[in-house]
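There are 2 protein chains.
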Amino acid sequence: MATLRIGLAQMNPTVGDLAGNRALIAGLYAEAVAAKCDIVAFSELSVTGYPPEDLVLKSGFVRDNRIVLEDLAKLTGSCVAVIGFVDRGIGQQISSGQPVIYNAAAVCSHGAIQGVYHKRLLPNYDVFDEERTFAPGSGDHQIFEVAGIKFAVSICEDIWRADGPVAEQARSGAQVNININGSPFHSGKLMQRQEMLSGRARENKCAIVYVNQVGGQDELVFDGSSMVFDAAGNLLARAPQFTSGLSVVEIDINKPVVGNVTPPSDRYEEMYGALVLGTRDYVRKNKFTDVVIGLSGGIDSSIVAALAVEALGAEHVHGVAMPSRYSSDGSKTDAYALGDALGIDCQTISIEPVFKAYLALLAPSFAGREADLTEENLQSRCRGQILMALSNKFGWMVLTTGNKSELAVGYFTIYGDSVGGYAVIKDLLKTDVFGLSRYVNERAGREIIPESVLTKPPSAELRPDQRDDQSLPPYDILDPILDLYVEQDRTAAEIIELGHPEEIVRRIARLVDLSEYKRRQGAPGVRVSEKAFGKDRRLPITNGYRG
Amino acid sequence: MATLRIGLAQMNPTVGDLAGNRALIAGLYAEAVAAKCDIVAFSELSVTGYPPEDLVLKSGFVRDNRIVLEDLAKLTGSCVAVIGFVDRGIGQQISSGQPVIYNAAAVCSHGAIQGVYHKRLLPNYDVFDEERTFAPGSGDHQIFEVAGIKFAVSICEDIWRADGPVAEQARSGAQVNININGSPFHSGKLMQRQEMLSGRARENKCAIVYVNQVGGQDELVFDGSSMVFDAAGNLLARAPQFTSGLSVVEIDINKPVVGNVTPPSDRYEEMYGALVLGTRDYVRKNKFTDVVIGLSGGIDSSIVAALAVEALGAEHVHGVAMPSRYSSDGSKTDAYALGDALGIDCQTISIEPVFKAYLALLAPSFAGREADLTEENLQSRCRGQILMALSNKFGWMVLTTGNKSELAVGYFTIYGDSVGGYAVIKDLLKTDVFGLSRYVNERAGREIIPESVLTKPPSAELRPDQRDDQSLPPYDILDPILDLYVEQDRTAAEIIELGHPEEIVRRIARLVDLSEYKRRQGAPGVRVSEKAFGKDRRLPITNGYRG
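Protein chains in written order, with my numbering: chain A, 1 to 547; chain B, 1 to 547.
Check each hint, because a few of them may be wrong.
[Unchecked claim] Here are the computed lysine-lysine pairs in the DSS-like style, where the Cα-Cα straight-line distance is at most 30 Å:
| hint | chain 1 | residue 1 | chain 2 | residue 2 |
| --- | --- | --- | --- | --- |
| 1 | A | Lys356 | B | Lys535 |
| 2 | A | Lys287 | B | Lys287 |
| 3 | A | Lys535 | A | Lys456 |
| 4 | A | Lys36 | A | Lys205 |
| 5 | A | Lys189 | A | Lys456 |
| 6 | B | Lys287 | A | Lys531 |
Because the hints were derived from the structure by calculation, they are not lab data.
Just chain A, same shape as in the assembly (with noise of 0.2 Å):
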């Protein structure tokens, strides 16, 4: 019998912060020989935290992880440890003139680092600029050797090709490859990936153990939902999706059974999962422990009050209904009960005061203009000032309620609704903060964001009667355009050509290309599409293109 007990580590570790991931690579290691595990892998740039971006760029950053690394490897005994970290080379890249370095994976055992990997594929798209600051690997494969089984390592992207070093692995005799992963989260990548690899494990008849880093940086969130298939593609096991620890599987090379794999999430519950771990990994890893929202009595501010409290719980989420003279009753009450119904505490502050202020301060330079969207600005601005004064004074980090839809066609106002740390739902269009409101309740089954916030008609509140679709188009003939502009790439001539209404592409073109330099300006926010507004989407904002 040959079988090999694998402990898939899939850790949470904080960008940069070297001595507290080492502490998490000890205790999981602890565990794996606890568990009495042949081998124990961790995620991708384990050391660092992935993506550690320009950090790697300090030399000596470079040199404190290499330390971490080898403390490491001495702990290690019989239990197998890939450790993934960035590697030093010899000189300089000949283009920047940085010192070569590697994304990189140590195999360490007996006290001791027995080989390193040098990841050869590396991402330069979407999210990942890898070729900026690593050198890809080369030469030939090392092939390793456990409880009488061969193995390799590879890293994430080199998985993804499959005439890649997986294949080169599998004819160097690796009958397992060992597959460290800091691969980020959209809504539906987890079949994808499933796919992939129980494809590249059948092509090359080769078992793969796929492992997967687990947490939110930034705007990236880590799925973990770390994987093992046998050489014949079988899924033989899977983590739990965005929930960190070790995972022990044991593969019988010779005689695969097929495990017990719990299915994949759905849609919502996926990005439900998705928004509360990016919130609360980035709150709390920026040693942040309260969050203040306000409270406009619409979907936007409800449903991230609501993730909010998911995240860290009722008695760190603090709600501010700050209402003005165009503000209906029913604002004001769906406000109210909505915090009710979360348990969060809620303050009212009036803006009317500051507001009327302003107008009195700002009359002799108006002298002779109409009221305009600059009136409505000033109100947005009030709010914002505002949260911000209860930030400064408490504490707490301001979370920002912005969806996709208005961050793409700017309906928002810079410096005033748009103000915060981190923005919940930046990446989810209005048609799916209301598919994931719905989410909500039946999840909780009772009615945490009020049934009437769901069914009115969407509006600023900033003059009389204003509505949303007074701007905008209806949501559902806006968002499938922005869709094919924004995420698809598509110019507006070949949207108009797909049979949507010329006269409301082109505005809508127009808007989105023209409100780059005001998303610029925005908080971060948790990715859940394959493309979000930041990293992902990198236009001018000086754009002269009008296709």
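With chain A's structure known, arrange chain B on it following the hints.
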């Protein structure tokens, strides 16, 4: 005699504005024909403007740029035009699945495209992301001929490596290398380029025609300074820095004559040129005519106002003094003295009434708490809110006035003094702000920036008798530490080892890291250093490294 009459088309394109860029190219081509040029070279990606960033991921955009190129080729006669554009290749890139595209140059004459060169060395460091979007060129080199002289075409980075494409092209018989560029400015880069190009010409015994884009594009300024070197490495000509237009240079391939070349600008002269051009282009290319600046009577707002007047004309610059109870009489006097010296309109709007209204409004929530930074930030945000109201009402872009030292350590109020569309001096350390201010007065031959502004101790004036040096070390101690930590990527430990005081270094490094989230929400501004905050320095917000 083997002479070549070369037009250096130092153009100022707008990224994405295909129709506008086409008109610029056609106009300069006609000028070159009128000047009897044998060949005219346009800058890198002249059809799209540089850098187009992710615009080139839109297939429709690439198609549209190709149409423009083909139209331009039809206009050409015997004068050869070298035009930068995005070329579509065959198939998809393996890793990203995006279509294969190249950063390309077309050699056009007699109404047709005679050949196309694909850039081979793609910069993917600092502010550059070319491997993200482009595939590298490969294969044999095409050598062209005009007026009996053999030439090759290369693009920007291609010439920076001694054993790169330019050497191969010389070996293949090129007597002249036409190297087209989108090379952004930083202080001191002109001399780096000049030395490298002279060496490259000498090594390869090949004349070099270096053509660079001019103009501002978001954070980058392209400084032109196109140059021609003979095959012995002598600099024959250099086009003006920061100014667009056609320069005509004649090379005698056999008998070079050393040209009459003006010396490069000194440090503050070229910094001034970069800031003026960057500001003018950002404002105008984004279709604004006027700007508004909060005048505090301090040096930062003074220099920004002076730069704005040079960039846009005094009639397009509006100053607002916004005193509070803590403003000194000197500040008010200095703000108006500056406004008078610049001839700009100035108004005064006291923040007292709105500041008082906020204090009253927040009193119940703040009951039992001491006054702290919250009240200072409130004042700063009242000013930001007033500037934005003026911006909204009158269509003026707000220029924000923070310098690099303040941005580095977070010595500014997010949504307060940081509000604005463009941050003119964001890449100048405070010591350079002083140096540049003195230069402005020298250049004008009179006191534009009042002497009292240059000599009084810097203060934010947000509490009684406040001075910057109560919160921060003096700038002559702070700035060298920032240079090491931010621009040179040294760790705190390394900086201490160099002899800087430990306590200060640790505190400053920590402030720089903690302020990352605030900077991320800041306005773009002109890059003048080798490492500006922005695309140059991609550090995580969530960052546990304390090295």
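Now the hints, each set against the structure:
This hinted pair does not check out: Lys356 (chain A) and Lys535 (chain B) have alpha carbons roughly 41 Å apart, beyond 30 Å. With a C-alpha separation of about 42 Å, the suggested pair Lys287 (chain A) and Lys287 (chain B) falls outside the 30 Å cut-off, and the hint is violated. For the suggested pair Lys535 (chain A) and Lys456 (chain A), the alpha carbons sit about 34 Å apart, so the restraint of at most 30 Å is broken. A distance of roughly 26 Å separates the Cα atoms of Lys36 (chain A) and Lys205 (chain A); the hinted pair therefore holds under the 30 Å criterion.
Under the criterion of a C-alpha separation no larger than 30 Å, the hint pairing Lys189 (chain A) with Lys456 (chain A) is inconsistent with the structure, at around 33 Å. Distance check on the hinted pair: Lys287 (chain B) and Lys531 (chain A) sit about 28 Å apart at the alpha-carbon level, within 30 Å; holds.
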